[in-house]
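Go by the hints and put chain B onto chain A.
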Amino acid sequence: MDKLIVAKSEPLWNTNNKVISIIGGLVVLLFALPLVGLNSFYLHLFIMIFMHAVMAQSWNVIAGFSGQISLGHGAFFGIGAYATSFFYMEYGITPWISIFFGMFISGVFAVLIGIPMLRLSGHYFAIATLLIGISFQVVFQRWDLVGAASGLWVTMTPEDSWTALQFHSSKLPYYYIFLVFFLISFFAVWVLSRSKLGYRLRAVRDDPQAALSLCINVSNYKIIAYVISAMIMAPMGSLFAQYILIIDPDRVFNIEISIIVLLITVLGGIGNVWGPIIGAAILIPISEYSRIYLGGTGGAVDLILYGLILMIICVFRPNGLISFIPKDILERKKQR
Amino acid sequence: MKILLVENLSRSFGGIKANDDISFSVDQGSILGIIGPNGAGKSTLFDLITGYTKADRGKVEFFKKNIFGLSPDKISNLGVGRTFQKLKPFADQTLLENVMIGAFVKEQNIKKARDKALEIIDFVDLIEKRHHFAKELSTGQRKRLEMARAMAIEPKLLLMDEVTGGVDQKTIPGLVELIKKLKKTGVTIITIEHNINIIMEISDNVLALDQGRSIAFGPPKDIQKNKEVIDSYLGTFDAA
Chain A
1 MDKLIVAKSE PLWNTNNKVI SIIGGLVVLL FALPLVGLNS FYLHLFIMIF MHAVMAQSWN
61 VIAGFSGQIS LGHGAFFGIG AYATSFFYME YGITPWISIF FGMFISGVFA VLIGIPMLRL
121 SGHYFAIATL LIGISFQVVF QRWDLVGAAS GLWVTMTPED SWTALQFHSS KLPYYYIFLV
181 FFLISFFAVW VLSRSKLGYR LRAVRDDPQA ALSLCINVSN YKIIAYVISA MIMAPMGSLF
241 AQYILIIDPD RVFNIEISII VLLITVLGGI GNVWGPIIGA AILIPISEYS RIYLGGTGGA
301 VDLILYGLIL MIICVFRPNG LISFIPKDIL ERKKQR
Chain B
337 MKILLVENLS RSFGGIKAND DISFSVDQGS ILGIIGPNGA GKSTLFDLIT GYTKADRGKV
397 EFFKKNIFGL SPDKISNLGV GRTFQKLKPF ADQTLLENVM IGAFVKEQNI KKARDKALEI
457 IDFVDLIEKR HHFAKELSTG QRKRLEMARA MAIEPKLLLM DEVTGGVDQK TIPGLVELIK
517 KLKKTGVTII TIEHNINIIM EISDNVLALD QGRSIAFGPP KDIQKNKEVI DSYLGTFDAA
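Quick note, the sequences are listed as chains A and B, same order. Quick note on this note's numbering: the first sequence kicks off at 1 and runs consecutively. Quick note on this note's numbering: the second sequence kicks off at 337 and runs consecutively.
Simulated from the structure, these hints should not be mistaken for lab results. Note that CB positions come from ideal geometry on N, CA and C, so glycine has one too. Hints are not guaranteed to be accurate.
Claimed, not checked - Here are a few chain A residues that face chain B, going by a calculated C-beta distance under 10 Å:
#1 E10
#2 L192
#3 K196
#4 A203
#5 Q209
#6 A211
#7 L212
#8 L214
#9 C215
#10 N217
#11 V218
#12 A281
#13 P285
#14 E288
#15 R291
Next up, chain A with everything else stripped away, as it sits in the complex (with noise of 0.2 Å):
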């Protein structure tokens, strides 16, 4: 048969249904767990991992689909987190609205920080997003509409409630609402990986120059990855705030966020929407686990860990761990 007609015969994606069923199962399992019995801890676990992996996946749509290495994403976890407690403090705005608040404005802030930013390229945009990160937390630290230094307590209910996104007899809700995020945000950007604005992200993070032969306004895309990323980024900080109802400027806008995304979108893998997951389900353990048997901050322990880790896998797999996985099985089959 015409080589051609053969091509053009072959499905547009891999439909691995062994792959198909694993995943499936794990859904179906990550739905199930709590209802086995988990406790207390192993649900906070849960739920670090679901936030922290669309976190960093909010991260790999900005430097692994486009290419631009930010680190100042925090702002973004912070700005949803303050939209979401100061609209239900002073307007008594449920949260469930107040989310898409919080991602409206960081879209807008993507939009003014990245048409300057975003002109800058490397070292430089990664330098500019660090700076523009620590200026959030310094701002807020000093703006006493929104609790200043102290931040903002959010007004507890008496009881449980889905209107106003508390809980306070258990984790259980919680982890389902984070579940849910996880999954939503997973799949919007595996879609946008096989999109043509994913198609066209990557020509723009592998050759800009080129990308420009074929029509992309480069600026354009990166910008648009960036309001993507900002906007996936910032309702994990809403939840967040609803999870733990006191949040300030040192916590939401630490530079530590800005930190951990990006390592843990790049020991699971950057630019594969599989990093992110992986990357979050081995980091984030470290972390927990670190912190109950060291106390505290986990001796910084977690950290010392999160660079050895990382060192071993940029000298031994700088693609990260999915780069174990064969690609064939994850991606478009070869026939070669």
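Just chain B now, with coordinates in the frame of chain A:
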């Protein structure tokens, strides 16, 4: 009909005149070959026409529309495709994905873009390599990739920078045939070449540059006889 009109195009870098008052025109459906020794300003001329480098002055009209000063993406959107002397494949993506990115300019549907990309890949004789990463391809194959990717935007004018440069002798005839095949599709071509025999074989007109200046413009047979061209370029070629 003139598809491209260039008048007095100039660009200096410091004290060096990379392009100095270059003027020429290209007929629709023809091939214009650009020759000149290293440093003559050939690639700079491509960058000026396609908006990658801002010209100091001059005029560039594409289908009578002034494109001087437009950004590269806007110029490519008008139907000006190009390849690069220093190859720029999307290295971590497959050949098919590379060409699909170009195909998305005209096709919004992902399956239609894929099928169109496959047809172009078949046209450049790389269908069996469609799932190979660009970084795995040989130089000659990557040259074809760049041509395929540029064709995918359905250009009316295609600028090709040293298609046969840096490839082995056995690969060159295939690439030359591909240029001829491309011309038959109706696309207008401007090609930079160091290989004079190829330029004389495929071109309808030739523009000779030397030290940023246009020293001759006309049919290949006239260029071959031009004394200034012989002195500056062909003379060296013959002696070699």
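Hints versus structure:
no.: 1; hint: E10; verdict: holds, 9 Å
no.: 2; hint: L192; verdict: violated, 13 Å
no.: 3; hint: K196; verdict: holds, 5 Å
no.: 4; hint: A203; verdict: holds, 5 Å
no.: 5; hint: Q209; verdict: holds, 6 Å
no.: 6; hint: A211; verdict: holds, 8 Å
no.: 7; hint: L212; verdict: holds, 4 Å
no.: 8; hint: L214; verdict: holds, 5 Å
no.: 9; hint: C215; verdict: holds, 4 Å
no.: 10; hint: N217; verdict: holds, 5 Å
no.: 11; hint: V218; verdict: holds, 7 Å
no.: 12; hint: A281; verdict: violated, 24 Å
no.: 13; hint: P285; verdict: violated, 30 Å
no.: 14; hint: E288; verdict: violated, 34 Å
no.: 15; hint: R291; verdict: violated, 37 Å
Violated hints, in rising order: 2, 12, 13, 14, 15; the structure is consistent with all others.
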